[in-house]
Amino acid sequence: DVVLTQTPPTLSATIGQSVSISCRSSQSLLHSNGNTYLNWLLQRPGQPPQLLIYLVSRLESGVPNRFSGSGSGTDFTLKISGVEAEDLGVYYCVQSTHAPYTFGAGTKLELK
Amino acid sequence: EVQLVESGGGLVQPGRSLKLSCAASGFTFSNYYMAWVRQAPTKGLEWVASITNSGGSTYYRDSVKGRFTISRDNAKSTLYLQMDSLRSEDTATYYCTSNPGFAYWGQGTLVTVSS
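These protein sequence lines map, in sequence, to chains A and B.
When you number the first sequence by my numbering, it's gap-free, plus one each residue, and the end is 112.
When you number the second sequence by my numbering, it's gap-free, plus one each residue, and the end is 1115.
Hint data in this document are derived by calculation from the structure and do not stem from the laboratory.
Just to be clear, a hint being listed does not mean it is correct.
Dumping the calculated DSBU-like pairs for lysine-lysine here, alpha-carbon to alpha-carbon at most 30 Å [what the hints assert, rightly or not]: (1) A:Lys79 / A:Lys108; (2) B:Lys1065 / B:Lys1019; (3) A:Lys79 / B:Lys1043; (4) B:Lys1019 / B:Lys1076; (5) B:Lys1043 / B:Lys1065; (6) A:Lys108 / B:Lys1043; (7) B:Lys1019 / B:Lys1043; (8) A:Lys112 / B:Lys1019; (9) A:Lys112 / A:Lys79.
Please put together the full structure from these sequences, using the hints given.
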């Protein structure tokens, strides 16, 4: 199975600070069709996950543009340019290039 | 507005069965692959099973193969998960979600396997 390693496990930030989360895959997530199926999700406390970024860097409709994704192959990054209070929660990367689909362990974003 | 509403969770003894349902609305259900993802208490997310839009193909994680069955009724816009021979390690909140993009999520239904 593909292992996704997220770092850091916990992130403390102040409002307005820019932060980044890394997601490294145990194998390339480039699909034979040319797409890279790496998404980012946010799970706020007591809520289901919500999609933020799909196909590495595409912003889901309705998601603020302070969120951005980048990367290729095995190394991916989610950046939040100016954290807001509503951004607090656990961030997960997830891959659906290879079966079984796998999630990273999560990065908890807290207020400093 | 897209809605996915899970139901059918509850407390069940080890070895028994439970069937989860997920009623979809607000999008063309029959066009989407769907999946079940679970989350054990205080843990991360774990993909359980997926099904193609027609229902013709299904996929499972190894730990549930032979025990869980994913199915769908496109006429009713409903996704199902039949869970047999339940184990304590199946205790989790079960979410239905669209696949492979994970764009749509339900609120989840809690399954507790305990004697």
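Which numbered conditions among the earlier hints are violated in the structure presented, ordered from lowest to highest?
-> The structure breaks only hint 8.
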